[in-house]
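Protein chains in written order, with my numbering: chain A, 1 to 341; chain B, 1001 to 1324; chain C, 2001 to 2128; chain D, 3001 to 3666; chain E, 4001 to 4146.
I should point out that these hints are in silico values taken from the structure, not numbers from a laboratory.
A quick note: this is a predicted structure, and the numbers were derived from the prediction, not measured.
All residues carry an ideal CB built from backbone N, CA and C; glycine is no exception.
Some hints here could point you the wrong way.
[Stated by the list, open to error] From chain D, some residues computed to sit far from chain A (all C-beta separations above 12 Å): (1) T3027; (2) K3029; (3) N3030; (4) E3031; (5) P3032; (6) K3256; (7) P3275; (8) A3469; (9) N3577; (10) M3612; (11) P3613; (12) I3662.
[Stated by the list, open to error] Taking lysine-lysine pairs in the DSS-like style, the calculated list, with each CA pair at most 30 Å apart, reads: (13) K2060/C <-> K2020/C; (14) K254/A <-> K1222/B; (15) K1117/B <-> K1071/B; (16) K3664/D <-> K3608/D; (17) K4137/E <-> K3664/D; (18) K3464/D <-> K2060/C.
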Amino acid sequence: MKQLSLEKLNDLFALIGQTEALYLPVDDAAGQAAYRRWQPGYTLSKALNTVRSAKDFFFPQTENLVDFKMQGKSIEVIDPRTEQENFVLFGVRACDARSFSILDKVFLADPVDTYYQSRREHGTIVTLACTRPEETCFCTVFGIDPAEPAGDVSCWIEENTLFMKANTPKGDALLTLAAPLLSEGGDDAVAAQQAATRSVLARLPLAKLSLDGMGGESMLKLFDSDKWAELSQACIGCGTCTFVCPTCQCYDIKDFNTGDGVRRFRCWDSCMYSDFTRMAHGNPRLTQRERFRQRFMHKLVYFPANNHGEYGCVGCGRCLSKCPVSMNIVKVAKALEGEVK
Amino acid sequence: MQEMMIAKARELLKSGAVQRVLGWKAGEFAYDVEPAVFESAQELEKSFVYNDFCGSNLSKYLIAQSRKEGKTLVFLKPCDTYSFSQLLAEHRIVRENVYAIGIPCQGKTDGETLKGKGFTGILSAQCEGDTFTVHTLYGDKTAARADVLPERCLNCKSKKHMIYDELLGEDGEVLDSHRFDMVEKLEKMTPDERFAFWRGELSRCIRCNACRNVCPACTCEKCVFDNDASGIAQKAAADSFEENMFHIIRAFHVAGRCTDCGECSRVCPQNIPLHLLNRKFIKDINELYGAYQAGEDPDAKSPLTDYTMNDAEPGIVYHRGGNQ
Amino acid sequence: MSKEFDREQILRTSGVNPRKCMRCGKCSATCPSYDEMEYHPHQFVYMVEKGQLDELMASKSIYKCLSCFACVERCPRGVEPARLVEAVRLQVVRQQGNNHLKANDIPALLDDDLPQQAIVTALRKYSK
Amino acid sequence: MQRIGVFVCWCGSNIAATVDVAAVSDTLKNEPGVVFSTNYQYMCSESGQNILKDAIRDYQLTGVVICSCSPRMHEATFRKAAAAAGLNPYMVEIANIREQCSWIHKDKAAGTEKAIILGRAAIAKVHLNAPLTAGESPVTKRALVIGGGIAGIQTALDIAEAGFEVDIVEKQPTIGGKMTQLDKTFPTLDCAACILTPKMVDCAQNENISIYAYSEVEEVKGFVGNFHVKIRKKARYVDTTKCTGCGLCTEKCPVKKVSNEFNLGLDNRRAVYIPFAQAVPKVATIDADHCNMLKSGKCGLCAKVCTAGAIDYKQKDEIIDREYGAIVVATGYQPIALDKYDEFAYSQSKDVVTSLEFERLTNAAGPTGGTLLRPSDGTHPHTLVFVQCVGSRCEDDGRGKSYCSKICCMYTAKHAMLVREKYPDTEVYVFYIDVRTPGKNFDEFYRRAVEEYGVHYIKGMVGKVAPRADGKLMVQACDLLANEQLHIEADMVILAAAIEPDPSARHLATMLTASMDTNDFFTEAHPKLRPVESPTAGIFLSGVCQGPKDIPETVSQASAAAAKAIGLLAKNKLTCNPCVAHSDEWMCNGCSACEKVCPYGAITYMDKEFRMPDRTTAIRRVASVNPAVCQGCGACTVACPSGAMDLDGFSNSQIMAEVDAICKMK
Amino acid sequence: MQNEMTTFKPKIVAFCCNWCSYAGADLAGTNRLTYPADVKIIRVPCSCRVNPMFILRAFQRGADGVIICGCHPGDCHYTTGNYYARRRMTLLFSMLDFLGIEKERTRVEWVSAAEGAKFAATMNDFVATVTKLGENKRLEDLRCKK
């Protein structure tokens, strides 16, 4: 365990920022936290979590895949990628840290998504333990311990000190880089904080959320449940839940005509949208009920069925606080609970 | 009020006067109330609520509900009635299939506003008189009611119901609000300051479409931004231009039709003050073409489908604002 | 102070646009004080428009207007000549620098027989 | 993918001098979709057109871009040539490289570059062009004239003379309109009845004309060439086929105190009446509001005296359905109500009258038999004051009208002159703001009133009319030229009240979807070049419904409207402009925004059953455009938020393609 | 820098109604009245055909100024089209200004078929105004610039 006085936090950021791009949560104009590239004067946000998740850094909302340049009747194909720079993501919470492993299962499975892979390889994740979880948090349901977050480096902030622990070679390298500023020690302080945090976690209203019966076994039963109609009734079909979700990974590929060519890019898509997976014959999911069902079946049933029981949710609670009509995965899970019992 | 509403709904369901009730349903926490349709007295008893978190505007749901067989009972707050009336004027709702009950409103807050005011770990919340008590994981906290209301309710334009079949409680008055203050403040800035302001706001947009999908004026069967044939379809703002484009065109499409219900800003996950764009149009319309409030008079010609021979010339824009 | 300034000032305080006048003379035709006045309502409109202010400001006519507003009421073009007369008068009063009547002094001057209209008219005429 | 041919015209040296035409055609040859590109000295010449035709055939062109002069010049030429070669004419686009390029630029490099860009824009548009076919619609060879005043009569006679059927719908029991109430007409002073009644009789006798008097238009549907109109023929309680117009019933009717509208209430008529002796049709009408028989079932005297047996108390309103190819509006005017002009004491004194009432008071067929008498006491008036511009040129909307009523100056001069001629012992004053006499022999007429007849014309307005206990009217006015206030003791005051469109016109305009201005006058298709047509195709305007005018002007406009209507009726089929709007029903919300901005009423809504994406069926309200009525302005396309409404030939995607091509970075 | 300023050639899109302004532009040509080649005209049936989308699209694609020309109010070939256009454009321009986008980049001008001289003068003036403003930066799409 290494430690650093918070007074020197800016020196640490400056040190890292010198060699790599450093991103950390700072407060935006509306007072919510968002990742920004560090520059002098930026301070780490005190918010529990960012509105947008950390997946942006590996799977950005829009990404240029290929360019076509047209000159008269000839077409030139251009790979727009430049060399990926190394970057450090500071202050990732345990839930988001888990989301990367879920995304990896999608993007690093064969055929490997090289755009994603390159970013994963060049990114170092520095997590930060939670101390004040909120009522919307339910990461513990998925076996995540926000007091002991994963990542290349785990951090804790207690009183006036930042404690850091490297978990991987990438983490070691980062701490080596920062070594001039760090000193040893802090195990006791961290353990004390963890104990305090865990006592709060036990009191969270959603700590006991049960996902029994979800997963592949009850797929058809859940698929055919008549609860979906009622659950999806209020859904307005926007993409808020999917876009703030750290694990949603669907995208669309679009062409943009630039006037002298075409820029082919991919962008996040939402299964809640009426034109999601629209094909030549139309949309396979005809109503919002089916689109709504798709999203939750995917996270709670299909994904675990294909991934050894791992759910496609990390319990970050973003959709709970951001859904315009206050519908969310917890309400769905609770409603479906009865169906499988 | 909640009891009265349940009793009324139960009575109308029982008599067969209505087949379903559109209202609000309690959630997991105090604040996550969701719009819901109730078809039986049991459902009403179980989860119908009307409290300080019933901010969502139900009128847009009537587009679908009123096309169902039978009648739908809907509870409408004063500001929701403007949307309802406007939707009727646009023939989007089958009036015969709706039984509208006007209900009073003292302003509605929501979880995001409470959190913005520093309440975290909210377990439950009550309001007595003018004091809000919030029980949180980290202890109980109180606040004055006015301090936890969102901007749209602090600048409420009207407590009067524009249209209803029946009214529960007293009808209120159209209010003198300060809703254009912020627009005015922006108008007084230099263009550079305004540009910086809006870039700061709009650059946060994640194009989740929540503003559009919740908006009672955005009821297109197919939005131009979802229609590849329109030539301006976008699924994400791949460039800052597209952020501007989306919000300008959206505001323009609802100009003269937006009732200023404020749902767009309420639902924006990034807290972008989108209502300011709509209010800018409303303010301009009021100043240039005479006071007009969408949803107030269903027979009034909306300002963009109307004209007078002596309308201001577009050049008037060069002479207005604080940027001479 | 320049004539142009006076004219601007009169136009601003009165809010009257003399160019709207179509010279029908209904103001003067309707004026109960016509015979008392050296310059008549329609002349006020015309002379202000042409900037002939010295004559108007020197004339007693500005005090002869009863402020009955019949001309304002009858004018088909909404020119409001009485407001113009009033503005010319105010311009004179202002240049004299004295406020001849203050609202607070009125109660002492009151007489039971005095019609309300006279008080209002007096205040209009003699105060800034 | 289109196969596009590009043809660059030199226009002799007009284009070639400042645009390198060869460079333009060579560069455009490389544009996607272009399979042929050439340049030629004069594309519009016969040999130029042949190059175009040959290329269309040889290269199987599906689209053509001509870089030449303005499309306003030769678009039709090239479209025709393309059609001759078998290509849809609407697959031709013109890049205007002469008026908008070569002629305005001196630098050849800049001109060439711009010509290339304009060519690219046209190519981009042609890529999205679709073949358009002009539709045709039949024409019903009958015209409807709404309003039977002098305007309607003249229009109907002219159309009937040309051999087409015309129906006149008049809401009063007789045709003739306001002119029947006039005494003499300026500037020739011939008697109104003498010149009007023969025309009324002509109408009745012309076999092409059907008169629906005491009738109103109830509903108008359809469009140019194909209007479907419902006419409500109000019950007269008299069988018009039996009534001989003998007038016996009107003498025997016991209800004697019904205000006579023909004489503007200056005297009374019976409950059964014929408005005046020369009425057409000359049949009696029972006034249901006053008839004892119809009110209480007690009387029946008229039925008893009628030898023709024409009285029918059970008669009902009749609805007549007719089809028309053209509609002429001739709804005329009425004087404004003067109840808001207290200063003129119109409501207080019987001796303050409007000019139209004055017409009746001097008319030989009027209540006084043509002798001018004071209405209050029947004495001979000695001093008469005429006031002009009462309610005209008034900015206060609540009281008057902002416009000049145009006819008052002349008829006031007429009245003043006639009074002085007939009663030389009178003093006549006319108070005016301006005297407006533009018209043949008009100013001479006015000068005669002043110079020969000694009418006192005084510049200035009357401020106040105060009736005195002794019956005199105290007129207070200002003589602006003398700069003095006048006080005149008058016996009568005559007010030249402003005129306004007939109040029925507003409702009619809505039915016809013909636009009106803020004063409820019908607007013309073009204020200078199409003054008798409404912007709505097939609707024509005749008389004062379009704006104040006197009789000669009304008659000439009526004939002009007739000529336009005849031009339409003479056609067997109408060719429609194919560049019209169309609505994509799937995207339409049914919100009516497009309908509200359509100046032609071309958009209607219908409830249509749709199979929805969720496989249910639903009834949806959707817009549909009548291509025969749409003129292709595109107002609806922008009003439509979903983009369901688009314009053929100028579609959203076509215009954006042009924008893209023009803005393209090099 | 100085040099860059003087060589900046703005891209101007002019939407002209077919009946008045396009004819006015033709008349300017017939009378050989010059204006910069930077102006490119798009013919539309009426000024009311101009959708705000087109204007934004032009800026996106690299236009530096957009001008809409129509018949004088009251003279519209379709009677009322330019009245609607007038309201739409007034509100749109005001909104652009509200977003801090230079309002001088957009303009509406009424040009009749007889006003060739006015058309040329208008274009000269507009090009000068836009040239002074420089390149459109606030409403550009970087993907369209290379």
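The hints, checked one at a time:
no. : hint                : in the structure
1   : T3027               : violated, 9 Å
2   : K3029               : violated, 8 Å
3   : N3030               : violated, 3 Å
4   : E3031               : violated, 7 Å
5   : P3032               : violated, 6 Å
6   : K3256               : holds, 73 Å
7   : P3275               : holds, 66 Å
8   : A3469               : holds, 78 Å
9   : N3577               : holds, 31 Å
10  : M3612               : violated, 9 Å
11  : P3613               : violated, 6 Å
12  : I3662               : violated, 10 Å
13  : K2060/C <-> K2020/C : holds, 26 Å
14  : K254/A <-> K1222/B  : holds, 19 Å
15  : K1117/B <-> K1071/B : violated, 41 Å
16  : K3664/D <-> K3608/D : violated, 43 Å
17  : K4137/E <-> K3664/D : holds, 16 Å
18  : K3464/D <-> K2060/C : holds, 25 Å
The structure fails to meet hints 1, 2, 3, 4, 5, 10, 11, 12, 15, 16 from the earlier list, while all remaining hints are met.
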